[in-house]
Amino acid sequence: VKDSETLEAAYDDAAGVTAAFNRNMLRNLNGLLGANFNLKEWRHVALFNRELSRIEMHLEARCNTTVRWQGSERSFVSGERILSECSYKYTLDRAKVLLDAVGFKSVRCWADSSAWFGVILSTT
Numbered sequence: 377v378k379d380s381e382t383l384e385a386a387y388d389d390a391a392g393v394t395a396a397f398n399r400n401m402l403r404n405l406n407g408l409l410g411a412n413f414n415l416k417e418w419r420h421v422a423l424f425n426r427e428l429s430r431i432e433m434h435l436e437a438r439c440n441t442t443v444r445w446q447g448s449e450r451s452f453v454s455g456e457r458i459l460s461e462c463s464y465k466y467t468l469d470r471a472k473v474l475l476d477a478v479g480f481k482s483v484r485c486w487a488d489s490s491a492w493f494g495v496i497l498s499t500t
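First residue of the sequence shown: 377, per my numbering; consecutive thereafter.
Incorrect hints may appear among the rest.
[Claimed, not checked] DMTMM-like cross-link-like pairs, simulated, lysine to aspartate or glutamate; straight-line CA separation at most 25 Å:
#: 1; residue 1: K472; residue 2: E461
#: 2; residue 1: K416; residue 2: E436
#: 3; residue 1: K465; residue 2: D476
#: 4; residue 1: K472; residue 2: D379
#: 5; residue 1: K416; residue 2: E461
#: 6; residue 1: K378; residue 2: E449
#: 7; residue 1: K472; residue 2: E427
#: 8; residue 1: K481; residue 2: D469
#: 9; residue 1: K472; residue 2: E432
#: 10; residue 1: K481; residue 2: E381
These are calculated hints, taken from the structure and not from any lab test.
Predicted model, so just to flag it, every value in this text is computed and none were measured.
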């Protein structure tokens with residue numbers, strides 16, 4: 377598993393692609409539920425939770441705000457977060473243990489030269 381700085385930089389890229397993708401969730405809630413999220417009031421936050429070995433993506437209120445949808449409403453205070461996505465990170469050994477636990481057997485593994493990314497072919 378990569379270090380926290382590398383993972384957080386990857387999920388909070390300088391070009392803002394991941395942030396735009398994350399805030400798009402609010403845009404979809406506006407369309408699907410008739411909500412009134414103001415996308416400018418929310419910022420993207422990506423944090424690595426070492427204990428759970430996962431990247432957690434959040435949307436954080438930049439200010440106090442109230443969101444309304446279909447006869448309901450929810451107020452958020454500045455700094456309050458909505459957990460929008462979790463992306464778990466596993467070592468090859470941990471991935472094999474998880475596969476074995478649900479009845480899969482690893483057949484072959486491929487990884488990049490730095491072993492940062494991998495693909496496991498498995499079978500039942």
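To see whether the hints hold, each was checked on the structure:
no., hint, result
1, K472 - E461, "holds (23 Å)"
2, K416 - E436, "holds (11 Å)"
3, K465 - D476, "holds (17 Å)"
4, K472 - D379, "holds (21 Å)"
5, K416 - E461, "holds (20 Å)"
6, K378 - E449, "violated (40 Å)"
7, K472 - E427, "holds (19 Å)"
8, K481 - D469, "holds (12 Å)"
9, K472 - E432, "holds (23 Å)"
10, K481 - E381, "violated (33 Å)"
The structure fails to meet hints 6 and 10 from the earlier list, while all remaining hints are met.
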